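Novice: Those protein sequences? They're chains A and B, same order as listed. Residues in the first sequence are numbered consecutively from 1, following full-length UniProt numbering. Residues in the second sequence are numbered consecutively from 1, following full-length UniProt numbering.
In short, the hints are calculated from the structure, not lab data. Predicted model only: the values in this text are computed from it and were never measured. Treat the hints with care, as some may be off.
[Claimed, not checked] Below, computed lysine to aspartate or glutamate pairings styled on DMTMM-like, alpha-carbon distance capped at 25 angstroms:
#1 283/B <-> 58/A
#2 443/B <-> 35/A
#3 78/A <-> 22/B
#4 283/B <-> 51/A
#5 443/B <-> 94/A
#6 283/B <-> 35/A
#7 283/B <-> 41/A
#8 283/B <-> 149/A
#9 290/B <-> 58/A
#10 78/A <-> 254/B
#11 283/B <-> 113/A
#12 100/A <-> 424/B
#13 443/B <-> 483/B
#14 248/B <-> 238/B
#15 283/B <-> 94/A
#16 100/A <-> 254/B
#17 283/B <-> 36/A
#18 283/B <-> 97/A
#19 248/B <-> 21/A
#20 248/B <-> 22/A
#21 78/A <-> 483/B
#22 100/A <-> 434/B
#23 165/B <-> 297/B
#24 165/B <-> 22/B
#25 78/A <-> 22/A
#26 283/B <-> 153/A
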Amino acid sequence: MTSPALSFADQVRSVVARHRDDRGALLPVLHSLMEELGHIDPAAIPILADELNLSRADVHGVVTFYHDFRQTPPGRTKVRICRAEACQAVGGDELVERAKSRTGVGLGETTPDGAITLEQVFCLGNCALGPSVQVGDRLYGRVGAQQLDRLLEGAA
Amino acid sequence: MTSEPTTVYVPRDSAARSVGADQVAERIAETAGPGVRVVRNGSRGMLWLEPLVEVATPAGRVAYGPVRPDDVDGLLAAGLLDGAEHPLRLGPAEEIPWLRDQTRVTFARVGVVDPLSPDDYVAHGGLAGLTRALSLTPEQVVAEVTDSGLRGRGGAGFPAGIKWKTVLGAASELKFVCCNADEGDSGTFADRMLMEGDPFTLIEGMAIAAWAVGASEGYVYVRSEYPDAVATLRTAIDAAYERGWLGKRVLDRDFGFDLFVRVGGGAYICGEETSMLESLEGKRGMVRAKPPIPALEGLFGRPTVVNNVLTLGSVPMIMAAGAAAFAGLGVGRSRGTQVFQLGGNVARGGIVETAFGVTLGELVEGYGGGTRSGRPVRAVQVGGPLGAYLPTSRFDLPMDYEAFAAAEAMVGHGGVVVFDDTVDMAAQARFAMEFCAAESCGKCTPCRIGAVRGVEVIDRIVAGRDRTRDLKLLDDLCHLMTEGSLCAMGGLTPMPVRSALTHFPGDFGATTEERR
Ligand SMILES: Cc1cc2nc3c(=O)[nH]c(=O)nc-3n(C[C@H](O)[C@H](O)[C@H](O)COP(=O)(O)O)c2cc1C
Ligand code: SF4
Ligand code: FES
Ligand code: FES
Chain A
1 MTSPALSFAD QVRSVVARHR DDRGALLPVL HSLMEELGHI DPAAIPILAD ELNLSRADVH
61 GVVTFYHDFR QTPPGRTKVR ICRAEACQAV GGDELVERAK SRTGVGLGET TPDGAITLEQ
121 VFCLGNCALG PSVQVGDRLY GRVGAQQLDR LLEGAA
Chain B
1 MTSEPTTVYV PRDSAARSVG ADQVAERIAE TAGPGVRVVR NGSRGMLWLE PLVEVATPAG
61 RVAYGPVRPD DVDGLLAAGL LDGAEHPLRL GPAEEIPWLR DQTRVTFARV GVVDPLSPDD
121 YVAHGGLAGL TRALSLTPEQ VVAEVTDSGL RGRGGAGFPA GIKWKTVLGA ASELKFVCCN
181 ADEGDSGTFA DRMLMEGDPF TLIEGMAIAA WAVGASEGYV YVRSEYPDAV ATLRTAIDAA
241 YERGWLGKRV LDRDFGFDLF VRVGGGAYIC GEETSMLESL EGKRGMVRAK PPIPALEGLF
301 GRPTVVNNVL TLGSVPMIMA AGAAAFAGLG VGRSRGTQVF QLGGNVARGG IVETAFGVTL
361 GELVEGYGGG TRSGRPVRAV QVGGPLGAYL PTSRFDLPMD YEAFAAAEAM VGHGGVVVFD
421 DTVDMAAQAR FAMEFCAAES CGKCTPCRIG AVRGVEVIDR IVAGRDRTRD LKLLDDLCHL
481 MTEGSLCAMG GLTPMPVRSA LTHFPGDFGA TTEERR
C-alpha cells in the first residue's frame, strides 16, 4: 500500500523526470504540474527543490512570481475576461462587472460550489474581435452580455 | 461519376474560432459530404469578416463572410461550391480591396496555405530563404540582413543585422537563438497569427538566424494566453524534424539546429528580453541590468540572439528575395513592411501589412473604417499599453519609428487600438498606472511604488481637491519613472499617461475654482 503522501511525492517526481533533459526545467515542470493537478500544492515545493537542486526559496519565488501558478485548487472551469485596452474600448469592463455579479465572486476567486474561477487577463490576442473571454483553453470573441451568461451557465 | 472534391477553406486561427469557425467547418463537412475537402487555413487577417469561408474555383478562391453556422445550409443550396452569388459573397479573396491594397511580405502565406502542411509550405516558396542562406557564409547572411534594413519588430526597432553580427563575433561553443513570442502588448496579435497561420516561416527564420550566428539551439517563448499557437508550433516543429528541416543535419548540411517551445507564466514583463531569458532559465522574470547585453551574455550566460516573431518571420523572405527588395519598401530608416494590427472599437479590424510611411489616419479611417460603434473616433493608442494616446488631429502622422518618436509616441509592435467618443481618458491614464503596478517585476522603486502612487494621484486629480499641486506631483512622478527605471515598463508607462493629459486635458476634471 502506498500512502497518499508518498504517491503525491512520486507524482511530482515523475513530472520532474519527464523534464530531466530540459534546460532550466522549473517552468515546464510547474506547467506540467498545473496541468495534472490543477495547482502547485505547497507540499510540492520541497520536493521540487530537492529534485532540481534548487533552494526552497527559489522554487517558492518562481511559483509566486507568475500569475499562472496557483497554490490552491482552482474551480472546475477557469473563466478569464480580458481587461486590456482594446477590449475596454468595446465594453470589456462592463463584462467583468456582469461576470462578478452573476457569479457572486470577485476576480481571482472561485464560486462556493467550486464550478468557476473568475480571472482577469490582459489581452488574449483577439483585439479586433473584443470583448474577449477565455473559458478553459477556448477563446470567445465579441462576447456580449447574453453570450457571457450562456458561457457562465455552461461552466456552472 | 467521381470527381475531385472541392476544397473549402475555413480558418483555424483562434480569432476566427472565437466567432464560430469550428462550427462552420463542421457544418460544411457534414452537410456537403465527401464532395468537399475542408482545409483549415490561417486567417487572411480581415477579422471583421470572420469566419471567412473560401472556395477553390477555376476562377480562384472565392470568399464568403462573415459566415455563421446557420448560414451554411443556405450557402450550400445557393451553390457555394461553385462560387455562386449570395449576399455573403465577397468575390475573389485576393481582390477584396482591403487585402489587395496591402503589401504582404511577412504575411505572404498566412491565410493562403494549410499551416501544418510542409508540402503546401514548399509549394508556396517555403525553404527558399534557408536554402539560399546555407549556400552563403554566415558573414554573408548577416550582411544581407543588415543591408535589408530590417529592424526589430518587438518594439525597440534595433537593427537585426547588427545584433546578429555581435553574436556571430562572440566566441562560444554554445550559442542560442531565442524568439520572443510573449506578445503581451494589448492590441497586438500578429505574432499569434503568424505562429498559427504559417509556423514554418518562423521555424525557417530561426534556422537561418542560427546558421548566421553559429547557434545550435533555439527556443520560442510563447505566452500561455496563446494555447492554440503553442499547439500549432509544436506540431509544426515535429513535422520540420521529420522533414530534416531541423535536427542534426538541417537540409542535409553539416549544420545542426534544435528548436524547442517554452510557455510563459502569464507575466507581461517576461516580454522584456532579459526577463524572458531569466524565465527561460527557470527563474523569476526579474529584469537584468545591461550591460552585459544578451548578444554577448544571454541565455545561461551564452551569446544569444533575441528577436521578435515578426523579425525572425521576415528573414526567410529577405533571404529568398534579396535584401534590396525589402529595403526598397518603407521610408527613412524604417525599411520594409510593418504588420499593423487594428483593434479595439474599429469597424474593420485585423492585419494590415504595408510599407512603413502609411499614415495613422489611413490605417484607422481608411482600412479601419472608423469605429465599430459608429460614433466618432476620439483617441487611438499606438504601440501597446506603454504607447501614447493620440487624438484624430494627429492622423497625419506617418507610421515610422522616427516620426513617432518625434511626436512623443511609439510605433512599438504595430498595434493600433481605437476608442470612440465615450472614452474617459483619465480612466485610461489611470489604467496605464494600474497595469504597471500589477505587472512591474519589482526590481526598482520608481516603477514598483511609483505606479501605485500614480493611480492615487490621478484619482485625486479627477476628484479635483488640489488639482494644481497634484498635476505637478504627477508630472514629477512621470519624470522620476522615466529617468529612474531600469527598463521600459516603468520608463514608458508615463507615455500613455502624459499623452492623455496633453491631448485630452478636459477629461481630468476641473479645479474647484474652474468649477465655480
Ligand atoms: C515591458 C516590456 C515588454 C516587452 N514585451 C515584448 C514582447 O511581448 N514581445 C517582443 O518581441 N518584445 C517585447 N519587448 C521588447 C524586448 O525587450 C526586445 O527588445 C525584443 O524582443 C527584441 O527583439 P526585436 O529586436 O526583434 O524586436 C518588451 C520590452 C519591454 C520593456
Ligand atoms: S522598470 Fe519596472 S519592470 Fe522594469 S526592471 Fe524596473 S521594476 Fe522591473
Ligand atoms: S485587448 Fe482584449 S484581446 Fe487584446
Ligand atoms: S523603477 Fe523601476 S521604474 Fe520603475
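Novice: Run every hint past the structure and note whether it holds.
Specialist: So, going through the hints one by one against the coordinates:
Proposed proximity of residue 283/B and residue 58/A is supported: the alpha carbons are some 8 angstroms apart, at most 25 angstroms. For the suggested pair residue 443/B and residue 35/A, the alpha carbons sit about 30 angstroms apart, so the restraint of at most 25 angstroms is broken. This hinted pair checks out: residue 78/A and residue 22/B have alpha carbons roughly 21 angstroms apart, not beyond 25 angstroms. This hinted pair checks out: residue 283/B and residue 51/A have alpha carbons roughly 16 angstroms apart, not beyond 25 angstroms.
In summary, the hint linking residue 443/B to residue 94/A is not supported, as the alpha carbons are separated by about 33 angstroms, beyond the 25 angstroms threshold. A distance of roughly 20 angstroms separates the Cα atoms of residue 283/B and residue 35/A; the hinted pair therefore holds under the 25 angstroms criterion. The suggested pairing of residue 283/B with residue 41/A holds, with an alpha-carbon distance near 19 angstroms, which does not exceed 25 angstroms. This hinted pair does not check out: residue 283/B and residue 149/A have alpha carbons roughly 39 angstroms apart, beyond 25 angstroms.
A distance of roughly 23 angstroms separates the Cα atoms of residue 290/B and residue 58/A; the hinted pair therefore holds under the 25 angstroms criterion. Only pairs whose Cα atoms come within 25 angstroms are accepted, and residue 78/A paired with residue 254/B is rejected, the gap being roughly 47 angstroms. Using a Cα cut-off of 25 angstroms, the hinted pair residue 283/B and residue 113/A is violated, with the two alpha carbons roughly 35 angstroms apart. Proposed proximity of residue 100/A and residue 424/B is supported: the alpha carbons are some 22 angstroms apart, at most 25 angstroms.
The hinted pair formed by residue 443/B and residue 483/B meets the criterion: a straight-line CA distance of about 15 angstroms does not exceed 25 angstroms. A hinted pair counts as satisfied when its Cα atoms are at most 25 angstroms apart, and residue 248/B with residue 238/B qualifies at roughly 14 angstroms. Taking the CA atoms of residue 283/B and residue 94/A, the gap is about 36 angstroms. The hint is violated against a cut of 25 angstroms. Restraint check: the Cα-Cα separation between residue 100/A and residue 254/B comes to about 58 angstroms, which exceeds 25 angstroms; the hinted pair is violated.
Taking the CA atoms of residue 283/B and residue 36/A, the gap is near 21 angstroms; set against the 25 angstroms cutoff, the hint holds. The hinted pair formed by residue 283/B and residue 97/A fails the criterion: a straight-line CA distance of about 35 angstroms is larger than 25 angstroms. For the hint linking residue 248/B to residue 21/A, the alpha-carbon distance of about 17 angstroms falls within 25 angstroms, and the restraint holds. A threshold of 25 angstroms between alpha carbons decides the hint, and for residue 248/B with residue 22/A the separation of about 18 angstroms falls inside it, so the pair holds.
Taken as a hint, the residue 78/A and residue 483/B pair is broken in the structure, with Cα atoms around 40 angstroms apart against an allowance of 25 angstroms. Among the hinted pairs, residue 100/A with residue 434/B is consistent with the structure: their alpha-carbon atoms are about 20 angstroms apart, no more than 25 angstroms. About 14 angstroms separates the Cα atoms of residue 165/B and residue 297/B, which keeps this hinted pair within 25 angstroms; it holds. Distance check on the hinted pair: residue 165/B and residue 22/B sit about 45 angstroms apart at the alpha-carbon level, beyond 25 angstroms; violated.
Distance restraint check for residue 78/A and residue 22/A: the Cα-Cα separation of roughly 28 angstroms exceeds the 25 angstroms cut-off, and the hinted pair is therefore not satisfied. A hinted pair counts as satisfied when its Cα atoms are at most 25 angstroms apart, and residue 283/B with residue 153/A does not qualify at roughly 38 angstroms.
Figure legend: structure checked against the earlier numbered hints; hints not met, in rising order: 2, 5, 8, 10, 11, 15, 16, 18, 21, 24, 25, 26.
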